[in-house]
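Visitor: Sequence:
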Amino acid sequence: MGGWLERLVGRVGSGKRERGRGVPVGVFREVSRPEDVTRYSGWLDSFVPLPNVTPFEMLQVYRFLRDAIPDISDAVWTWKRLCQTGFDVEVLEASSASAEGRARRVIDGLNGRVNGGDRGMEGLLDIFYTSLFTYGAAALEIVLSPSRESIWDVVPVDVWTVRFRREGGRLQAYQLHDGEEIKLPMERFVYVGLDRDGTNPYGRSMLRSIPFVVKVQQRLLEDMAKATHNAGWSKLHVQYAPDERWRGESPEQYQDRMTGNLDALRSNLNGLETDQNLVTYDNVKVSLVRGEQQSQVFYENHKAIEEQVITGTHLMPVLLGRNYGTTETYGTAQFEIVNRQVDAVNQSVKRVLERLYNFELALLWGEARARVKMRSNRTVDILKGAQARGKDIENAIALRDSGFMNESQAAAWLHGVGVS
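Here the sequence shown stands for residues 28 to 447, numbered as in our numbering.
To be clear, the hints were calculated from the coordinates, so they are not data collected in a lab. By construction, the Cβ of each residue, glycine as well, lies at the ideal position given by its N, Cα and C atoms. Just to be clear, a hint being listed does not mean it is correct.
[Stated by the list, open to error] Straight-line distance between alpha carbons at most 20 Å, and here's what the computed EDC-like set of lysine to aspartate or glutamate pairs gives:
#, residue 1, residue 2
1, Lys418, Glu434
2, Lys330, Asp153
3, Lys210, Asp222
4, Lys312, Asp270
5, Lys377, Glu214
6, Lys400, Glu381
7, Lys377, Glu84
8, Lys377, Glu168
9, Lys377, Asp101
10, Lys377, Asp222
11, Lys330, Glu214
12, Lys312, Glu249
13, Lys210, Glu168
14, Lys107, Asp135
15, Lys107, Glu149
16, Lys242, Asp153
17, Lys107, Asp222
18, Lys377, Glu194
19, Lys242, Glu84
[Stated by the list, open to error] Derived Cβ-Cβ restraints for the label pairs, each shown as a range:
#, residue 1, residue 2, range
20, Ser123, Pro82, 15 to 25 Å
21, Arg378, Asp205, 26 to 36 Å
22, Ile409, Gly195, 51 to 61 Å
23, Ile409, Pro82, 27 to 37 Å
24, Leu426, Arg223, 17 to 27 Å
25, Glu149, Ser125, 41 to 51 Å
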């Protein structure tokens, strides 16, 4: 067994070695390989495609669906507002009280300076969440000041223009602009992909699964509008019984006479006022036709399609105003599930914010470190939530007084269960 291991290490060791160390670089490289992009295009330097070789043009389709389809627009709006819970920044490892004060001023200044000063960090996160739930990804670029001693700005990057290429075993981001490939600085480029697949760097839009369903939904709405108009307005049905053919009248003459009678009848009907009545011979029958199609059929069909859209956007019906249950517990359970998803998404946002703040602090003096804590949405029942927190605190105090925990362990335990 030792023979093949020695041969493997010897083969790797004959190559490049890590600078400053005697350990071969190849020992620490993974054996598995990233997704093979050459089978899609045949070019070694091609961009990594979207999952399932989805055309990049679909990213523009997602934006159109978000802006034009009410259910999708509502879903993106709801997800964005659910995740905008706010956050708190804690300064850690400050060398002194004055250093902590300077760090807080630096963070406050950065919050107001990013996004070109347009609503600061709040506006930047609004754009970030919109992109994340529309395209499945969001991107930012850190812009340094001319002296390179601080962050001048943090600007959003249009993710539908971003492409990735594997260079030297690492991912390199490019932006396509006006037919030009712009190489982006990876040390100052922030990219978050939602629901990534394996080694594919791009995120996966939650709208990817619903274009066909949306097409069916909009066709159903169009048909329903036409049918509803017919069902809502009564129509006159005029039936004309042709006269007998006169003696000596040729078939052509008879046809012309019947056509003339129909034209005269149609002309009289078209010019009939609302308060006028129609007087005819008994060979003309006038009846009122009412729509027999019940709107409930269309509602049930549209409801079934609508549920597919809601499911495709990872939302619960109650958050879009549709609660099919009869108890409060049904809606509460849905809201709790959605909050779990919000917490998962906000963990990525937390890391982005910490990277920005710590990047700024390191550029200035490096005397402190920032930690971000994302706030959570309130529970549906505030009283029950308060009672649960009170019980957790009582349990922590009892464990401390019994000697099972010290003060710091009890505090850490309460922090773990979400009590601050």
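Visitor: Taking the hints in turn, state whether each one holds.
Guide: Hints versus structure:
no.: 1; hint: Lys418 with Glu434; result: 17 Å, holds
no.: 2; hint: Lys330 with Asp153; result: 31 Å, violated
no.: 3; hint: Lys210 with Asp222; result: 25 Å, violated
no.: 4; hint: Lys312 with Asp270; result: 14 Å, holds
no.: 5; hint: Lys377 with Glu214; result: 18 Å, holds
no.: 6; hint: Lys400 with Glu381; result: 10 Å, holds
no.: 7; hint: Lys377 with Glu84; result: 30 Å, violated
no.: 8; hint: Lys377 with Glu168; result: 16 Å, holds
no.: 9; hint: Lys377 with Asp101; result: 25 Å, violated
no.: 10; hint: Lys377 with Asp222; result: 17 Å, holds
no.: 11; hint: Lys330 with Glu214; result: 48 Å, violated
no.: 12; hint: Lys312 with Glu249; result: 34 Å, violated
no.: 13; hint: Lys210 with Glu168; result: 12 Å, holds
no.: 14; hint: Lys107 with Asp135; result: 23 Å, violated
no.: 15; hint: Lys107 with Glu149; result: 12 Å, holds
no.: 16; hint: Lys242 with Asp153; result: 28 Å, violated
no.: 17; hint: Lys107 with Asp222; result: 16 Å, holds
no.: 18; hint: Lys377 with Glu194; result: 29 Å, violated
no.: 19; hint: Lys242 with Glu84; result: 17 Å, holds
no.: 20; hint: Ser123 with Pro82: 15 to 25 Å; result: 56 Å, violated
no.: 21; hint: Arg378 with Asp205: 26 to 36 Å; result: 32 Å, holds
no.: 22; hint: Ile409 with Gly195: 51 to 61 Å; result: 54 Å, holds
no.: 23; hint: Ile409 with Pro82: 27 to 37 Å; result: 47 Å, violated
no.: 24; hint: Leu426 with Arg223: 17 to 27 Å; result: 40 Å, violated
no.: 25; hint: Glu149 with Ser125: 41 to 51 Å; result: 28 Å, violated
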